[in-house]
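Visitor: Model the placement of chain B on the given structure of chain Y, informed by the hints.
Letter by letter, the chains look like this.
2 protein chains.
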Amino acid sequence: MDPRPMRESYHEALGSVVNDLVAMTGRVQDAVKGATRALLEADLEAAEQVISDDNELDRLHDEVENRCFVILARQSPVAGELRTLVAALRMVGDLARMGDLAAHVAKIARMRYPKHAVPESLESNFGRMSVLADEMVEIAGRTLRERNVLDAEKMADHDEEMDALRTSQFQELLDDNWSHGVQSAVDCALLGRYYERIADHAVLMGSRVIYIVTGLHPEGDNWTIA
Amino acid sequence: MDPRPMRESYHEALGSVVNDLVAMTGRVQDAVKGATRALLEADLEAAEQVISDDNELDRLHDEVENRCFVILARQSPVAGELRTLVAALRMVGDLARMGDLAAHVAKIARMRYPKHAVPESLESNFGRMSVLADEMVEIAGRTLRERNVLDAEKMADHDEEMDALRTSQFQELLDDNWSHGVQSAVDCALLGRYYERIADHAVLMGSRVIYIVTGLHPEGDNWTIA
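From first to last, the protein sequence lines stand for chains Y and B.
Residue numbers are given in my numbering: position 81 of the first sequence equals residue 81, and the series is strictly consecutive.
Residue numbers are given in my numbering: position 80 of the second sequence equals residue 80, and the series is strictly consecutive.
Isolated chain Y, as found in the complex (with noise of 0.2 Å):
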């Protein structure tokens, strides 16, 4: 339900419903990293954080989700407006899923407590692909900001390293040397997937600003007008 009162411009609602998109981002970052910090460092209290502040986020989720079929309802926008409300409807969905997506990160350091869920050989690994999926959430949350598309070229190069890192893990936990166990590969297969989706989303929304700025929606190697 919208708290706000009625009297609040249309502009205004378009606004707040960006500004909380923006906040959100800011909540998936600490998600991301407290979900790594769990798993790396076998935090419980870090993973319980992330469990329970996921609840959160969904509840944001619904709540933004719901201002923006109000505002298509009642104000039929059009134009840059249309557009915007039709990107903040899908940045909102990747947003509570990247937030799905921490707290999955997090159970599973959680269920392993008081052990380290990724053996020490791919701590660094693991590492850098918390980096990177932050930095690409702060790249998708600064371009909602600005309204601006310069970091695109940053979010494919680290979308890239995180598609190496990943086969690396592979090829790691693939390996004949690989003496952590079926536990502990099965884990780490899992984990190197769930940050996987973490980025593809942040490139989604990155690629859902364009959208908002240009008109043009990016899929594939086509640029099609809507």
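Derived from the structure by calculation, the hints contain no laboratory data.
Please note: incorrect hints may appear among the correct ones.
Identical copies look the same in the list; a pair holds intra-copy or inter-copy alike.
Straight-line Cα separation of at most 20 Å, DMTMM-like style, residue types lysine to aspartate or glutamate; simulated pairs [as the list claims (entries may be wrong)]:
id : residue 1 : residue 2
1  : Lys107    : Glu196
2  : Lys115    : Asp176
3  : Lys154    : Glu81
4  : Lys107    : Asp163
Guide: For chain B alone, kept in the frame of chain Y given last:
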């Protein structure tokens, strides 16, 4: 780009979006079945087919999404039609994602060919996951076509069984008696995740039809009026 003539009526345009979503649902069912055949029978041809058909699903995604944007921008729909469009935009995303996940399954089958990625002891588990996923996508498609919410209970039952199958997979592959090695355990853990996510998207699609039909939005435990 919308290849239809401008004189096509608004309602026809909206109806054709829904028809295309229903058709995509059938393609996703084919993808799930093909990927499972590829997986359980180590059928390379089936794997290649699913992977190449996924490009067509992605193309359909872009085309239907673009048509939704055009209708939103040109017609400023309200009430039920606005709900249909918002839900369609999300459903087309779900369908493309389910296609990607089926292609992920097919790629694991292809990577392990001529070996079987799934050991015999887990074949019936994955077979059942596939049947459930296929039926859930079928339910989502039928719900959309007929705009009824009658199958919601069956969808929930299937989703619960899917979770139980995944738990049972983990029990088997993390058991001390697991004799199929790390690679097979990692493959099975990721495969289980892919089927589970296909089911999740089918559940989401179902909830989006409920939103179209009723205007009520099921999120968590609450229904909010959009």
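Visitor: State for each hint whether it applies.
Guide: Verification of the hints:
{"no.": "1", "hint": "Lys107 / Glu196", "result": "both (17 Å within a copy, 17 Å between copies)"}
{"no.": "2", "hint": "Lys115 / Asp176", "result": "between (23 Å within a copy, 18 Å between copies)"}
{"no.": "3", "hint": "Lys154 / Glu81", "result": "neither (27 Å within a copy, 39 Å between copies)"}
{"no.": "4", "hint": "Lys107 / Asp163", "result": "between (23 Å within a copy, 16 Å between copies)"}
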